[in-house]
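K.L.:
Sequence:
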Amino acid sequence: MNKKAMFTGLLTGLAAGAAAALFNAPASGRETREKIKDAQVSAKLTAMEIKDNAAEVKEAVMRLVETAKKDAPDIISSVKVNAALWKESIEPHKEALQKEIAGIQKTVEDLQETLPQPGSKK
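Going left to right, the sequence shown walks through residues -20 to -1, 1 to 102 as mature numbering (1 follows the signal peptide of the UniProt record, and there is no 0) numbers them.
It should be emphasised that the hints constitute simulated quantities derived from the structure, not laboratory data. The beta-carbon is built from N, C-alpha and C at its ideal position, and this holds for glycine as well. Careful, some of the hints might be misleading.
Distance windows between CB atoms, simulated [as the list claims (entries may be wrong)]:
(1) 58 with -19: 47 to 55 angstroms
(2) 62 with 34: 35 to 43 angstroms
(3) 26 with 59: 42 to 50 angstroms
(4) -18 with 73: 16 to 24 angstroms
(5) 43 with 84: 51 to 59 angstroms
(6) 50 with 76: 38 to 46 angstroms
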C-alpha cells in the first residue's frame, strides 16, 4: 500500500468517526463545534506523526542499504577466505577417510568371497 492511499484512508476514517460522533452526540452546537475542532487538531497531529514516522523509517532503510553496500564486499571476501581455509584443513582428513573407506570395502569383498552365499550348499 502506498503512502498516499494509507494517508487518505486514515483521514477518511477520522472524518467518518467525527461525523458519527457529531450525529450521535446529544450536545449543543457550541460543544459540538469544539469537539469537531478538537478532532480536527487531533487528526492533524496524527497525520504529522505518521508523516514523521514514515520519514524516520525511510532514513533508517537508506542507512541500512548504505551499510550493506559498504560492508558486503568485506563480508563476501571473509566468507571466501574462510571457506578456502576450511577446505584446506579438511583435505588431509578427507584423504584418510577415503583410504579407510577403501579398506573397509576391500574387507567386505574379501568376506563375501570367503563366506558361503545364502542358498548354496557346502
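K.L.:
Is 38 to 46 angstroms a correct range for the gap between the Cβ atoms of residue 50 and residue 76?
P.N.:
For residue 50 and residue 76 the Cβ distance comes to about 43 angstroms; the hint holds.
K.L.:
Taking the CB of residue -18 and the CB of residue 73, does the distance hold inside 16 to 24 angstroms?
P.N.:
With a Cβ separation near 57 angstroms, residue -18 and residue 73 fall outside 16 to 24 angstroms, so the hint is violated.
K.L.:
Between residue 62 and residue 34, is the Cβ distance one that fits in 35 to 43 angstroms?
P.N.:
For residue 34 against residue 62, whose Cβ atoms are near 40 angstroms apart, the range 35 to 43 angstroms holds.
K.L.:
Between residue 58 and residue -19, does the beta-carbon spacing fit 47 to 55 angstroms?
P.N.:
violated (38 angstroms)
K.L.:
Using the beta carbons of residue 26 and residue 59, state whether their distance is inside 42 to 50 angstroms or not.
P.N.:
holds (46 angstroms)
K.L.:
Per the hint of 51 to 59 angstroms, is the separation of the Cβ atoms of residue 43 and residue 84 within bounds?
P.N.:
holds (57 angstroms)
Checked against the numbered hints given earlier, the structure breaks hints 1 and 4 and satisfies all the rest.
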